[in-house]
Each structure stands twice: as structure tokens, then as C-alpha cells.
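Visitor: Chain by chain, the residues:
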Amino acid sequence: MTASGVLQIVVYFLILLALTKPVGTFMARLFAGERTFLHPLFRPLERLIYKLSGVREETEQRWTQYAASLLAFSIAGFVFAYLIQRLQGILPLNPQHFGAAGAPPSATPVTPDLAFNTAASFVTNTNWQSYSGESTFSYLVQMAALTVQNFVSAAAGIAVAIALIRGFARQQMTSIGNFWVDITRATLYLLLPLSVVGALFLCSQGVLQNLHANTVVKTVEGALQSIPQGPVASQEAIKMVGTNGGGFFGANSAHPFENPTPLTNFVQMLMIFVIPAGLTYTFGKMVRDTRQGWAIFAACSVMFLAGVFIAYPAEQAGNPILAHHGIRSSPTAGQPGGNMEGKEVRFGIASSALFAVITTDASCGAVNGMHDSYTPLGGLVPLFNIETGEVIFGGTGAGMYGILLYAILAVFIAGLMVGRTPEYIGKKIEQKEVKMAMLALIATAASTLVFSGISSVATFDWDHSKYLNPPPATLKPAPASSVPPTANLNNSGPHGFSEILYAYSSATGNNGSAFGGINTNTPWYNATMGAAMLIGRFLFLLPLLAAAGSLAGKKKVPATSGTFPTHGPLFVCLLVGTVVIVGALTFFPALSLGPIVEHFLMYSGKLFT
Amino acid sequence: MLQQLMPAFRIMLVMTVLTGLVYPAAITGICQVLFRDQANGSLVAVNGRSVGSSLIGQNFAKPEYFHPRPSAAGNDGYDGLASQGSNLGPTNQKLIDRVKASVAQFRKDNPDYTGPLPADLVTASGSGLDPHISPDSADAQVARVSKARGIDPAKIRDLVARHTESRQLGFLGEPRVNVLQLNLALDQKP
Amino acid sequence: MSTATAIPPVINDPTVLIPKKLARARPLFDPEIISRALKGSFVKLNPAILWKNPVIFVVEVGAFVTTIFLVRDAFAGAAGIGFTLQIAVWLWFTVLFANFAEAMAEARGKAQADSLRKTKTDSIAKRYTSGGKIDEVPASKLRSGDTVLCETGDIIPGDGEVIDGIATIDESVITGESAPVIRESGGDRSAVTGGTRVLSDQVKVKITSNPGETFLDRMIALVEGAERQKTPNEIALNILIAGLTLIFLLAVITLQPFAAFSVASAGAGSVPSVAVLVALLVCLIPTTIGGLLSAIGIAGMDRVMQHNVLAMSGRAVEASGDVNTLLLDKTGTITMGNRQAVEFLAVAGVAEATLADAAQLSSLADETPEGRSVVVLAKEKYNLRGREVGEQEANFIPFSAYTRMSGVDISGRHLRKGATEAIINFVREQGGRVPPNFLDLSERVSRSGGTPLAVCDGAQLLGIIHLKDIVKGGMKERIGQLRAMGIRSVMITGDNPLTAAAIASEAGVDDFLAQATPKDKLEYIKREQGEGRLVAMTGDGTNDAPALAQADVGLAMNTGTMAAKEAGNMVDLDSNPTKLIEVVAIGKQLLITRGALTTFSIANDVAKYFAIIPAMFMVTYPALANLNVMHLHTAQSAVLSAVIFNALIIIALVPLALRGVKYRPQGAAGLLRRNLMIYGIGGLIAPFPGIWVIDQILVFLRLA
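Residue numbers (our numbering), protein chains in the order written: chain A, 1 to 609; chain B, 1 to 190; chain C, 1 to 704.
Hints may contain errors.
Said to hold, decoys possible - Straight-line alpha carbon distances no greater than 27 Å define the calculated DSS-like cross-link-like pairs of lysine-lysine that follow:
(1) A:556 <-> C:526
(2) C:52 <-> A:432
(3) B:155 <-> B:62
(4) C:230 <-> A:555
(5) A:218 <-> B:189
Since the hints were made in silico from the structure, they are not lab data.
Generate the whole structure from the sequences, applying the supplied hints.
Guide: This is the structure:
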């Protein structure tokens, strides 16, 4: 580790800390329906939206209606996103003629399975990309299908978090808010302003923003090089702020046109965490005990910094096998050392490790380096972050409701040890809450493990494979009779297994980052991963909405010295312990056959062909 | 649920117009006025002709130029339409073979440099379009470039130093050298 | 307000009784119970019974599957039979151990029920016919509404209400208390219980329960566990551990394909056998808490019983752990049942000794505790000895509700003591005056929470005896403990607010309800509940019944009326209202035990992973030996040690489950810290040495 690397991490954390309260306060006001400084600007527009959509602002919804609205909204989003993708060939803003005559030969066709996967991916805030943007989608798809979902799927996540918080804050009420109003406010007052500011800043630093066709230049040595173009900054900003992570380009935030400088990188990392961290304060504010919010913030901080200080040293130590070939692995003033495979020079080790941890703490999934090429431990941290449900600040909203799920579990398991029916924020944690929390955990664990299990051993006969899972053209020698999904891996041995595990963890966790070597643009992967994303989103969030409904109906038990204290260091430790232990117990066997064993093998010099 | 579908589609339509068309169009309009150069790809022109983007790396193989990092973008590297890393894991034989080959090639091209190789010089970047190399990686190539061009290595080292960007704000990222701009500067120097 | 002397003699003063335990604390490993439990653990192997406990049911299925593979391997003559055999045996042991824990708890309940049942002999009832005559019928024929006659020596044939007469009754079968109690018609001591015996006199009893539904019947059913329903927390906990079981099932089942991939890509080793996968599964699922959960519940009820409290449901016991507010009756709970003289306050111009002397004389014939306390105080303070005064010389005037005073006429003196107003009237009648500072003194006593008792000698007012409620020894500390536990205690009294406030502050209670009527009490409870608090109270009178029913925990006194007992959800057989505090502690202990064992069970898993995972893949990925931090000898010994540890820990924790985790009243934060250290961190660490030791033994015995 270098001094500037550590300094960067510390400064990042301090700025995040400083932003938490103002942003949290703003959101608390916004979702309580109070006036904010942005109201003069957006209130008329908000009213207009309600009028156009036929939404009655003042009505409140029970949890079932809230959930139904959310599902209906997601269905609508899915239909829009699917249709725009499939019809891009006949729609405007398509200078590269994707999906139409005159498309470049390297273009990826948008098949039904790819369109399904992508629609599911963006609607669920996952932004897994089985495609590479610059060779697949028109600008219209990037804007009207993908950017839109970047906004509204993030808004929906925030809405659910706010609804769950209301469950804790309210008492003896049957309603938990109005979904339409919550997403409209989240979009208008929160995501849109942050994105506008972010997009302008990013563009000023070199991120593209135009609607031109690609530029072809003759390089200094005389070769032809296509310089891609497009409306990148506008998508880039919401990609980070909404913890979406779906890049305009295949290389995502490693691409110089998405993330041109160390400063944009730093700002992008802040954009990922600003809303999730702020929500911890919003939580405290809404339940009228800011200490509760800070406790969650503290638990997230502990796990965040722990992850950083595992991944960063691991990446800085680099690959011992390479060190045997005369490559400097320790940092010097003039070079970063460490494991630079898959990393950009402008970011070096610290910024790349930090980014990887942040993007998987949150359900963002943007990457500024290729996780597939990280060291085993450097890759284990992101993978484990995803598998614990991305609750370390987490996705916009998703992180908040995720950590509240763990808080419910922690309070229930250990809370009995104070000799009372466990309470959290004055609400008794009973059958219903425990049932819903377990349901969410089981659904996500099942999705990750079962799909990974099938993909690890399944084989299709060749006739089916041609349709179900065509291996990449680069696979040599071409398979003769049968092709397993494992033929689509870019690595073998434990690392190959990690690619599968990471893919389904990322899909189920709605993260979207990848051990990107795996080629998932096949009907098999597109379909199963699409299913995993839908399970991970809806079977996680619906139980929590049900819990919100149940909690809102309960009385608040006043706190006494007999009440389990949920704002002190003890609770922070307990919450961290619950997240880590529940995650570890569920995934340790799988992880031990992936990154954990690879770590030991790497140090023993073992290689896989 | 069914009665929710109507408002769902209506609000989705409104949002699509607002965030999918109005927002990007507005940003495009503003950026095209305020940040024209950056918004259009930070293109670098020599004699009025674009030779690339200062943000996008390109292949240099001739000895008189500084060479960029290995690239996994496209078949020949630095393909602007195929940004990607190698995605080879640390225990992949292919990775080690490729690095070994790069090391051998570098040693062959730069017989005067004998120190340990900076890690970035023989590893593929994440984007495949990394425009930078580390200052040490540039330094390792100075002898070769100077021989090929017949220029005093000290002068080249000086040029490298002038093209070395330090950490932003003193602590962000890593020191780096933009290969395209360095090479263009070399060409401009008689 | 009546004066002290108005209080009728208390026969069953709870404070003077040392209860003989109905449910004698049995030694934990009573041989009879053990043998019963052993039998029960095999009976419970029946899947039809066991499936209700999903965790242990999964273990049984696992044991069964392993056994089938064992038999198959044995016929096929495969290698490694010894290992599979040992796994199978230990899996069956795991099931048996878990069954044993539950059977133990049940057997203890049954043993108690049996001893109760012995007292239930079918007696003959003397039933009044509609014509007013008496016919003799077996008690089992009695219906609710029948009226029976119970005479000296009769067993009362069923639960009922005395509607005529008064009798002393031996209730020792129910309460274990040999001192007889008085039951009389009207008022709050009219309830009689079937199975108890009339010692003297006779009463007419109206039967209030049908056969099979009597108090004794319900008691037997309760302790036997027949009526045991899962409590809300228990159900929630069951969901949690069933959910965890499902997650681990997923983790272990999917390990099979993961292993297949790994074996293929490493080109070495083999996929773990079914026995090993089952072993891993059983080690991971929360068998410890799964096996002990119902035992903890049963044992909790049992502990309540050992305190001579009958809980009508487990839910009530659990709720008592959650209580936020305790309503405590002043008299009998916070204070001794009666007031005592603590001070003589003479009016100006009268020596205190004179007052003391007059007070003592006037109280000589007063046998009430208050009266006696006056005599004692005078003796202690002024060394005035109690004199034997013959009837000839003195004419004792007894207390009457009409005059509201008592006293003695002796040697021409008319000594009187009584309520202030009554004495003032008496003095004025005699032509005397009220000295100027007399009312001040009286006022001062009242204000301090005491009761002023005026004393006069004929027309001369001498002064005031300060009678004071005496807060029971240690009460302040107990209230303090309650506060530490986060429980607010509220004193309920019929006294005026002034008196109430003074006693409340002396006892240290958080709040008081003065001049409380049953209606006030009910409203107070509703208000507390409206604010989300859980309320516990004690009561004995019929007019307490609504409040008892409204309270979340209503502890009725056994001496109370049937209505009160029906309304409450617990009955204290010792009729000791202070018991409420202990019941709360038991409720908390029950929840803590559950939480502690759950935490322990989950924390244990970490070590088991470190034992089994490297063992499973020793051939495929020898590098995983780095995880074998315990340095277990072989793959087989590692897996076996984990399974054996997992089985033995259940049996090792049976005593803890039955006795309950040690509970000291303290705040939640301190409790949590302590229990997290012991059961969380302890649970994380303990299996490491445990498994290591078992591994050493296995290797030493050449079993693996």
C-alpha cells in the first residue's frame, strides 16, 4: 500500500461522511412531502407528471397496492425496454445502423434472449451486460431504454427503502406511502439534479456527449482507428448515481471516455455512495432517532473499510507468479507495481481496488478494472460483497432495505438474549417479519447457488447447444459432440468456477459487475441470468414490502433500559457479525472452491490451462 | 394489479420522454456549447487531420515511438469499438505465457534496459484503450527511442518528464505519461 | 378511611408463610425421569411425530439416507464401510440426543402431573336437589351450577363459590401450604377448589366448573404439556431455524455440482460421498437449538411451577419477559400488610412520655398488629413495660366502626385513641379544647405518608401516634432491579395522594396510582397499553377481574375469587404478590435461553466449515489444507469429529436448556454484552478445541 493510496481512501471516506447528513436530511424532507429548495423548480413539473399519468398525489397505498404498483411499473418498463431494443433498426438515432442494413460486421445482433436479459437487467437495476454497448445498441436504445431504466429502477429502489422505513416510523397505520409519488419525487428532485450536475462535470473532464457517428482516424503509425462517439455523459452520471453500473461501452468505467481521469474516478465513486449513505441518515431522521441511522452508517463503514483493506493489499501484492518473471511488483515513485492486469495506469492499484469494493458494496456493478483479472482475494471481496446482498451502503434504496433485513435478523437472533421479544426501532420483530426476512434470504441464496450448480455441470448435446449455448467462436478446437455451459468460460480451474459463481451472484444480487471473461450472450445464460435478476429483485423486495406493511400496523414500544439498544457499538458489531456470518455460512463452500482455493494455489505457483 | 397497469404505462411514457429524451438532449446541447472539445472525443489533430483521441490509446510498434501497454481490445489491440480487458485470471497459464512473451519481446527490443519491468508495461489494461503508461515504463524505453532517433537520451528523458502528469490534487490516481501526446511531441522535435 | 384497628385479622398473610414447594425442585437427573426420557427419545423417532421439528427431521432423513448407502456399500463390499458406519451411528445419535432433550423436559412435567393426579380422588358430593333436599352423587357427575354441601372432613367435589357459610379449608394439595385458609360467602375469599378438604364448619358451594375442566384438571394438563402450544416467539424462532436449514440444504446440495466441476478441472480426487455431504449438512443446520427449543419452553413452564405459580399458557410466561410496566398493590406487596407506630408526637405542654404511657395503656387490649406496635414502641422508646391489667380494674372499649376509636377506662381515666376527627369530637364532648398545634402535628404525619392516630385522656388531647406503612425489607432494591431491567413499577393504593406519594418515594417506585378504584386500575392499564407497553399486575378480588383480564400478565392470588383466577393468566398458589417480579425474571430467562442457544448454534458452524471443507477436498485441492487450522489428522477424522461434536453438544447443553441461562437483573445493554460474549464469541471459539480433542481421541482409538 502506498501513502497516497491510503490517503485517497481516507479522504474518500471523510467526504462521504460529510455528505451523509445534508443528503440524508434532504431526502427525509423530500419523502415526508415537505418543501425543499428544489421545489420552485420542479414542483410544477411534478404536478404535470401526476396529471399526465392520472396519479392522485394525496392517496396512500397499503403494502399490497404499493407492491402491485411497483410490479406494474416494472412490467411497463420491461415492455418498453424490450421493444425499443428489438425495434432499434427501424427507430431513429442509430448512426451505426445497428439491427438494420449497413450495420458493421462486428455488431452483436439483438436476439430475443439478449433483449430479455437486457430488459430484465435494467429494470431490476442490475445492468448486467451480455453485450458490449459500442457494438450493439443505437443511441436511442442507450437513451430511451437504458438511461430511462437507470433512473426509474433506482427510483423504485429508493421508494421501497422509504416504504420500509415508513413501516418502522409509523404506527398503527395500514398504508406505507404512494409508490407513484415516491418514484416521481425520487426521480425529479434527487436523481435528475444529481445527474445533470454529474453529467456536466464528467463531460467537462472528457466524457463524450454527442449524437455523432463514430469517428475514424488514421493513427500516427498509419493504421485506421475508430473513435466511438455517443451520448455518454448523460448516461454515465445516472449510471453511478442510481448505482446501475451499465456502461455505455464494454469496458465500462475503465474506458477513458467514461472515466477519463483520476478525479472523475473519485467523483464517480462518490456518486455511487452518496444516496445510499445519505439514506442511513434519512432512516434515522424518519424514525426520529438519528443515532439509529448512524449505527447503520457505522456498520456499513466497518464492512466497507474492512473490504478495502483486504482487497487493496491483495492487489498491491500482485501476482507472485509474475514476480518470478522479472516484473516489479512493489510500487515505486514512477510505477504502481502490484497486479496491473486489467487495470488502467491512471487509476493504479488503490483507485481500482477501492472502486471494486465500492461498486460491489453498492449494487452498482460499474467497474474501472476487470475483476476477472484481480487477484483471488481482490476478487473475493467484491464477490462476497455481492453475495451478502450488497448491503454495505448498498444500492440506491436496495442497500437500505437489505441492511434493514439483516438488522431484523440480528435483532431477532441476539435480541432474545436480553430477555424480551426482540424489538427494532420500537417495533416488535415477530413471526411475520422473520418469515419475510428468511424468504428473501432463501430466494436469493437459492437463485445464486442452484443456477451456478446447474451451469457447473450441465451439458447439452450438440444439436441443442447450437441453439441453447453456442460456444464462443474463438473456442479452439471446436467442440465435437456436446458443449457444456462451462465451455463459455475464459479461465479454467477455480477461477473458471469463480466466473460462473460471480455471474449468478451478480445477477441475483442485481449488481451487474462481472468476472467478464465468461461469455454469457447465449440463450442459456441470458435466460437463466435474466431469471436470477428477477428473482433477486422481486423475491427480495416483495417480502420486505410485506414486512413494511406489517411493521406499519404495529404500535411502537417505548424504549427503556430493558430495550435492546440498537444504536451503540455493540449493535454495530452484531449487525456486522450477522451480515458476515450469514453470508459466509451460505457461500463458504462455494467460495472455498473458487477464490479461496485459488489464493492458496496462486501462492503455490499452480496454473490452469 | 391490473388497475395499476394503466398509470404504470402512462408514467413510464412520461419518464421515457423526460429522462430518455429531454434529459440527454439537454445535456448534449449544453455540453456542445460549453465543452465542445471534450464532448466530441478530445480529438488530437496534426496538420488539421485527426490522428486520434488524447484519451484513447493507439498502437505504436516502431522503435522510434514509445510503446503503449499490451491491449486486449480487438484482435490487434486498441480497437476503439471493442474495449475490453484480457479477463485472464491470475492462475491462468495463458496470462503467464502472454506476459512472458511480452517480457521477452521487451527485452529483445530494449537490450539496454536491464532492471525489473514495471508491471503496467507487460499487462493488459482494463479497457484495452489505456492511453497511458507509467513514468517508469516510459523510462525503460528511453534508450531504445533515443537510439532509433539519434537523440540524446537526456533530452528524451526531459520530454518524458514534461509529459508526466502527476497525481491529481496530489493524491488521486497515479503518475502517468500519455503515450500519444509524448510521441507527437517527439515527432515535433527536430 | 378507617383507623388501623379496623383491619380484620389476616389469616393467610403471605408474608409470614414460607411456601412449601408444590413442584419440588427435582434433581436434574432423577433416574426415574431419565429412564422415562430414554424411552421417549426412541418413541419420538417416529417420523410422523418428528416432522414437526423440521431441523431434527432433516437429521433423521439424513441418517436414514446414510444408512441406506451404508447397507448398499456393505453388500457391494465397498471400502470405507467403517467410516460410513460411524457417520450413520452418530447421525442417529444426534436425533436421539435431540429427542432425549425434549423427552427429558416432558418427563419432568409428567412426573409432576402424576403427583398431582394422585390427589385427585373421586369424592362423593352432597348435592342439593331442586326440592332443597340432599342426594349423594359422585363428584364427576356434578355440573356447573349445581349446589353442594361441604361439611367438616369432606373433600370439596369441584371448583366453586361459597354461597353460604364460613369454613376453614386445607388447600395443601393445591398450594402445598399446610396452614388452613378461611373461605366464606361474599367478598373476595369465596372461591374453593375441588380436591381441597374442609377442616371445620360447613359451607354451601355453588359449583362453577364441569368435570374435567376443574382447576386441578387444567393444572395437570398444563404441567403434562398436553395443552402446550407453541408461543409466538417460539414459532418465529422455528421459522428462522427452518429457514436456515433450507439455506444450508441448498449450500450442501449445490456443493455436489461445484465439487464435480472442481474435480474435473483439477483432474484429481472425487466428488464427496453422500455420507460426507449429509455429515456436512447435519453439522451446519442448527441442530443445537432445533433439538433443545421445545425443551427450553417446557422447562420454562416447569420453572414457573417450581415457584408455585401456575401459568395458564406458555404465552403468558413469554409475555411476562416482555413486561414494561408492573402494577404492584401497595398493601401486601410493597408494604407489610399493616402499619406500625413509629413515633409519638405530643401536643405542646404534654410530655412525650405521658403520651406514650396513655397510648400504651389504651392499646393493651388491642390485638391488631397496629395496636401491638404501639405497645412495643412505647416499651422501646420510653422503657414502658406492658402491664398486665386485670379486667376488674379496667374497662376496655373495643373499636367500632361507629365510634371509630378504642381505648380503656382505668382508674377513672378515659383513655381513647382513634381517628383524629373522632377523638376531637370525643374531647369536645368532654368539654375539652383542641390545643393549637394538634392539627399541625396531624397534618405533618399525613403529609409524610403516615396515618395519625389521636390519643386523649378524657378531655385532654395528648398528641398523635404516627402510624406508618412499613416498606418491606429489600423492596427498594428489587424495584431498583426492575428499573435496571427497564421495567417501570407503579404502586396502586387506596390511600390519598399525599400518603401514596410518600410511600412511593420511600419504596422507590416510578409512579403511583392513589385512591385507586378498580376502574382507575383498568384505565391505567389501557393507557399504558395504548402507548405500546405491556402491563403485568396482581389481583385477588372480583373487582380486579377486568383489570386482570386486560393486563398482559395477570397474576391472580390463589386466595382470591374464582372470577379473579379466571380473569388472570397465572395463579400464584402462595398468594404472594411479590412473586410477580420473579415471574418476570423467569419469562426473561426463557427468552434469553432461546436466544443464547440460537446464537451459539449458528456461531458453531464456522468451526465446522474449517473442519469439513478442507477434508472434503483434500485430494482435489490439497492447497485447501491451509484452512485446516485445527490440524485434524485425516479427512475422515475431521468429518467424524465435527459430527460427533455436533451430537455431543446437544446432550451437553440439555442441563442449560432445562435450568435456563443464568439471569441477573440488569439493563439490556449489559445483558447483551455478556451473553454475546459467552454464547456468540464463545460459540465461535468453543468448537475449535472441542473438535480438535475429539479428533485426537478418534485417532488414539484408531477409529479414523
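Visitor: Determine for every hint whether it applies to the structure shown.
Guide: Each hint tested on the structure:
A distance of roughly 15 Å separates the Cα atoms of residue 556 of chain A and residue 526 of chain C; the hinted pair therefore holds under the 27 Å criterion. Only pairs whose Cα atoms come within 27 Å are accepted, and residue 52 of chain C paired with residue 432 of chain A is accepted, the gap being roughly 19 Å. For the hint pairing residue 155 of chain B with residue 62 of chain B, the CA-to-CA distance comes to about 19 Å; that is within 27 Å, so the pair holds. For the suggested pair residue 230 of chain C and residue 555 of chain A, the alpha carbons sit about 23 Å apart, so the restraint of at most 27 Å is met.
Proposed proximity of residue 218 of chain A and residue 189 of chain B is supported: the alpha carbons are some 21 Å apart, at most 27 Å.
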